[in-house]
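Student: Chain by chain, the residues run as shown.
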Amino acid sequence: MTGDVPVVVRVQTEDFDAAAEAARLAAGRRDAGAVVTFTGLCRDEGGRLSALELEHYPGMAEAEIGRICRKAVERFSLLGITAIHRVGKIAPGENIVLVIALAPHRHAAFDGASFVMDFLKTSAPFWKKEHFADGSEGGWVDAKESDDRAREAWS
Amino acid sequence: MTKLVYFAWVRERIGKGEEEIDLPASVRTGGDLLAYLKTLGEDYAHALEHEKVIRIAINQEHVEHDEPILDAREIALFPPMTGG
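Protein chains in written order, with the working numbering: chain A, 1 to 155; chain B, 156 to 239.
In isolation and in its complexed conformation, chain A is listed as follows (with noise of 0.2 Å):
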């Protein structure tokens, strides 16, 4: 049963606050030992990007992350979750994405929020977009296989 577990899913512009979002989340509880908060930050590539514009499917978005929480919750037992996921325009050293995941031990929490993470870069229908340090609009980053290996390797 996941159906009481706190799952936590947003996808929004504005920045979040990693640390309020974990004690939001631990808050009250006497159950949990371990709480893994994993924050996606955008990179500037060496020097070549200005920033990162990050589409996403409204609706779909939000549902394939709360698919692929509650998948997490299931297999690894996890006592709460928050995914939120950023989108527009972000530049580098700004946060993307926080995943962070409740547990009773640090295992289960160690990889429900790395599970959680390979599944939202390879199935969340979000695209990222790069913009060149000399103003120039770049091209969509391509898929990674290695981001699909890391996806399988949980199967």
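Simulated from the structure, these hints should not be mistaken for lab results.
Some hints could be false.
Okay, derived cross-link-like pairs now, DSSO-like style, lysine-lysine, Cα gap no bigger than 27 Å in a straight line [said to hold, decoys possible]:
(1) 171/B with 193/B
(2) 158/B with 171/B
(3) 71/A with 144/A
(4) 158/B with 193/B
(5) 129/A with 158/B
(6) 207/B with 193/B
(7) 144/A with 89/A
(8) 193/B with 89/A
(9) 144/A with 129/A
(10) 193/B with 129/A
(11) 171/B with 71/A
(12) 89/A with 129/A
(13) 158/B with 207/B
(14) 171/B with 207/B
(15) 89/A with 171/B
(16) 171/B with 129/A
Place chain B on chain A using the hints.
Tutor: Here is chain B on its own, set in the frame of chain A:
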């Protein structure tokens, strides 16, 4: 009428984010849909040139190309995802 939505470079190449379209009865699967759309013009042909790369979602859930699109309210076509 079926609502079609496009994202990322599929959207850019087709030149619009969404449209309502009357699909012929012969279009039964996602694969049929891609083949049909490619006959609608150069923009569609360019966007959907590499059919195997295109991902399909029906009513906001992923489907394989050989799955039926019967009763779909909304069909989305988009490139492999690169979020996270």
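Student: Confirm or reject each hint.
Tutor: Now the hints, each set against the structure:
1. 171/B with 193/B: holds (15 Å)
2. 158/B with 171/B: holds (12 Å)
3. 71/A with 144/A: Holds, because 23 Å separates the two Cα atoms, which is no more than 27 Å.
4. 158/B with 193/B: holds (17 Å)
5. 129/A with 158/B: Holds. Residue 129/A to residue 158/B sits at ~25 Å (cutoff 27 Å).
6. 207/B with 193/B: holds (13 Å)
7. 144/A with 89/A: Answer holds: residue 144/A to residue 89/A is near 21 Å, not above 27 Å.
8. 193/B with 89/A: violated (32 Å)
9. 144/A with 129/A: holds (14 Å)
10. 193/B with 129/A: holds (25 Å)
11. 171/B with 71/A: violated (34 Å)
12. 89/A with 129/A: Given that 27 Å is the threshold and the Cα spacing comes to 9 Å, the pair holds.
13. 158/B with 207/B: Distance of about 22 Å is within 27 Å: holds.
14. 171/B with 207/B: holds (21 Å)
15. 89/A with 171/B: holds (20 Å)
16. 171/B with 129/A: holds (17 Å)
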